Amino acid sequence: MELTPIILLLPLLSFLLTGLAGTKLKPAAAGGIGTLSLALSALLAYLTAGRYFSTPRVEGVYEKIVPFNFEWLRFTENLHIDLGVLLDPISVMMLVVITTVSLMVHIYSLGYMKGEKGFQRYYAFLSLFTFSMLGLVVATNIFQMYIFWELVGVSSYLLIGFYYTKPEAVAAAKKAFIVTRFADLGFLTGILLLSYHTHTFDFGILTSGDSGVFAGAAGTTFLGCSVISWALSLIFVGGAGKSALFPLHIWLPDAMEGPTPVSALIHAATMVVAGVFLVARLFPVYHAEAPEVLTGIAVVGAVTSLYAAIVACVQTDIKRVLAFSTISQIGFMMVGLGVSGMGGHDGLGYMASLFHLFTHAMFKALLFLGAGAIIHAVHSNEMARMGGLYKYMPVTHLTFLVACLAISGIPPFSGFFSKDEILAATFQFNPVLGTILSFTAALTAFYMFRLYYRIFWNRPAHYDHAPHEAPGSMSFPLIFLAAITLVAGFIPFGQFVSSDGVAYTIHLDWKIAGGSVAIAGAAIGLATLLYRKENPTAGKLAAAFPLLYRAACKRFYIDEIYLFVTKKLIFNGISRPVAWFDRHIIDGALNGAASLTEKLSLAIRGLQSGHVQQYALLTLGGTLLIVLGILLV
Amino acid sequence: MNILSLFVLIPLLMMAGLFFAGNLKQIRCVVTIGASLLLALAIGLVIAYLEERSAGETAEMLFTADTVWYAPLHIHYSVGVDGISVSMLLLSAVIVFTGILASWKMELLPKEYFMWFCLLSVGVFGFFISVDLFTMFLFYEVALIPMYLLIGVWGSGKKEYSAMKLTLMLMGGSALLLLGILGIYFFSAAAGAPSMNLLEISRTHLPVESQRWIFPLIFTGFGILGALFPFHTWSPDGHASAPTAVSMLHAGVLMKLGGYGCFRVAIYLMPEAAQELSWIFIILTGISVVYGAYSAIVQTDLKYINAYSSVSHCGLVLFAILMLNRTALNGAVLQMLSHGLMTALFFALIGMIYGRTHTRDIREMGGLMKVIPFLGVCYVIAGLASLGLPGLSGFVAEMTVFVGAFQHTDTFHRVFTIVACTSIVATAVYILRTVGKLLYGPVLREEQSHLADAVWYERLTAILLIAAIAGIGLAPLWLSDMIRESLLPIIEHFQ
Amino acid sequence: MEYYLVISTIMFFAGVYGFITRRNLLAVLISIELILNSVDINFAVFNRYLFPDQLEGFFFTLFAIGLSACETAIAIAIIINIYRNIRDIQIKNLNRLKD
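Chains as they are written, first to last, in our numbering: chain F, 133 to 765; chain R, 55 to 549; chain D, 3 to 101.
Chain F extracted, bound-state conformation (with noise of 0.2 Å):
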């Protein structure tokens, strides 16, 4: 019996089951038919991991099956998608990923949204992003992907929506829908390059290794790059949008509005690393085909996950500084996807990437569900209305500090492994993007360290009612996850996922790695000078450098330029107008014709006036002239 389809259909009949029934089921009951369902889908997620790995290798390789797989919709006879299940090293490691998470959230949602208005909603919605986050990693074919990936999208808008009377929710769920659709044409464009000339959707034929496959794309150039190129970076684009690269990251900051839990799967754990998967996904096409493409994409990580920390440094919104991280710590995969070659330790990047997507997915997971706690007990998300919490939430504090360590790469903590080896593999590429990364990695830890201290040290804020701890369905995800974060540094992930398959034996760095703790040390200290204790120096830096100061708060106005875009070009500069000109020139110009008959109609009426004298007279003048005409000629 095969099992890796029943993991993809329990989220389903969760939700089909909590959607349906609705308000009709009591909200205990929801949230037990999906935390359930779900906790059954980890246990599949394990155990195909663990037979999945423990198959042995063939030529050094652990294989790819495919053990599930149906025609869904023909297009040609080449072209057909495909709804399967495709379990390699990486869509296994993204299985266990998200069915982890997933569950976490489902179980923190009990405690966090008690008492909430649609909790079965809630609960459906998580079931339905689940479902479709993990058919898209399981994808067979890239139409599938495409597939599941506007699904993720669609649950990722109800959700941020989930509170639909807040205007700016509703707001920032249409904007994160618009934004990734925008991306999205990028992909689908892509895809239809791509197929129409590798007439293919398969995964399994497009990075076999083939070139024969491209071979009828071969010579067709568009601007000096080939289409193959084109098409490549096409879909990259739509990966961009889902991973909030920039500068199409303008939506995950608002996304912020949805319920924290869902924050944490979607907006940092799982969705948002969607397009990570979808490059490393096609790493050997990109590799082989398309080599500036990749330089292309470690760039924009490296420009986006530097942006994003800078902008992350000044955030007072706790939500906000952690999605700027998210934003961050993306643009890191995607610069060790960029510069990493194929094979041996030319691979490192695509397998600290990877690695560094699973220790991220967790200790982000954790950051966001700690702020929840934290938001549960103070009733916002400002930092000013917090301070001094460590005595309020010990356990909360405790994993919380976990997560900033493991964020900020201190070793023994899962983050510093994988993060140190992107640093590596960066510098192994070209040392001028070592270093912007390098000097972002400080900058992660001091904005999460200025969030760390101003959270639970500084000043304490006044509080009508004493912070609570957390209740246990929300400290054991916590406590669940920080452990995860403790050991995660440990797994061979080498041996388990790289770049051409073959085993990988990490081995560290220790010049760089080294190097980079001891920056990140650095960092950590003066954010603990700074924010410890009330501190006026922060104040006054700040004032030092206002432009740059404004600039970052504001998000480099990045925001405006899409206001301006979207509001005025396009809404106003081509709608309206488009608009106008139907109503008036196209509608006009039949109005016109019909007023124009009317007109002329009413001019030749007078002939027909209804006078007989009237016709008389003009049939004596007519008869006389005809009389006078036949007299004359």
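Worth flagging that the hints you see were computed from the coordinates, not collected in a lab. Accuracy of the hints is not assured; some may be wrong.
Claimed, not checked - Cut-off 35 Å, straight-line C-alpha distance, at most; resulting in silico cross-link-like pairs (DSBU-like, lysine-lysine): (1) Lys699(F) with Lys491(R); (2) Lys298(F) with Lys491(R); (3) Lys165(R) with Lys212(R).
Since this is a predicted model, take the numbers as computed values, not measurements.
Given chain F, work out where chains R and D should sit, using these hints.
Showing chains R and D alone in chain F's frame:
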């Protein structure tokens, strides 16, 4: 008795029944029974069709019947169906059924209303079963005329203006059609085999010079009904003024007559001219697709939004037809089905919402999701279908169109495909804008905070349509295969 | 013979002129009678001078007189009815059927 003729006979019998019906109850009884029969008949026809095909029947048209009607001009009453017309008949039956449910509470002259409605159905069904050009044209006209009265008498807003505009524009289209059909007839006569029968004419092969001037006539004539730019302006006004069920039937089925006609007459009979002249119409339909979507972004009347969205979606149908390859044509038919169901759902919901709030202006509504959750959820589903969410019919249709159109070897066609693709972003914008303003946020008006949610017949309408949309969206293969198979004879002309 | 014809021509054109210019229905009717009578004179005259042995022209004249009597009776009946309805027999005011 031929099974297909029943599709025309039942609505006629319904009209007779209505003539004798005394009160509202009897009227409802007659129309419900009739519509259910039609629906059952359509489903039965699909099953019978699939059975015949799987039994190895390879004829181009099945269930054919032929009676001479007027011998001197070779006019026959000749019917037959292939996979495409079968699916269109099913669509029409579903929409007639739900349309009748949606006009359950019709109070103004219900008897006359339903009689015209049935006459409209006669035209629609008759059009899809005909294989004789003249019969086809006749039924086309039969479908158009009731529209004038249905909008003019039972409509709202500037109904006389809209009804007049719609009828005049569509009549203008049929004038072109008549000219084209006569042209086809006389050239087929000149070629030695005078006939009005589609299949026979397709075999005789019209001379290319005559195709060149007949093709634009026919394509424009049918295109006007399919909202071809720049002859689409009847659609926003007409839909906005029409009563709910008429909007449903009009956008859901009648606009499909245009697409179906383009495909069955223009492309099928004149393949050479289609290949030569398609570029002009590709530009026009490309404009329709994008232009409709952008116009919809700034509209404030729910029906106008949906009407412009229909311009965009129907533009995609014609666009796909012009790509002249099997996948794109398949996509065109799927898009007709999908758009028919989707837009019928939209208009039904708009009618229901309007019945409660007495306004269609999105600036005057807000937060309705909290007040009328059932209608709200249905509206969101309709919206998601319209913006192409996988699992609903819109995705299947649009992707088939895009992939198919992109298989064209000519760069011009592929560039235009990408242009058409951009409409999916604009679609997302206007759908989400509408949903956000209409359903989400706080309740805007005090009097809107206590509205009653859907009652049984409204629920049934919405659920039936959603089930059909999701059905196509989740399991498209059988439908798509049925259509693909029937496309073979049409596509043969291009090779 | 010329004298007869001159008379009938004058009568005819006087009738036509009256028909076109009169504003009163009765006057129009009288004009029509003038035209008819001029034609009757023509019939009689031509018969008398061109075909003296035959009587068709006179018969025709008699018929025409009879017909014009009927016609006048009907017309006057209509005019009286119109007058009863709208208290007016001026042509320019008789436009109620027009719009």
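Notebook entry, point to check: Keeping to a limit of 35 Å between CA atoms, is the pair of Lys165(R) and Lys212(R) held or broken?
Noted result: Between Lys165(R) and Lys212(R) the Cα gap is close to 23 Å, so the pair holds against 35 Å.
Notebook entry, point to check: Taken at face value, is the distance from the CA of Lys491(R) to the CA of Lys298(F) at most 35 Å?
Noted result: Within the cut-off at roughly 12 Å; holds.
Margin query: Check the hint pairing Lys699(F) with Lys491(R) against an upper bound of 35 Å on the C-alpha distance.
Written below: Holds. Lys699(F) to Lys491(R) sits at ~16 Å (cutoff 35 Å).
Taken one by one, the earlier hints all hold for this structure without exception.
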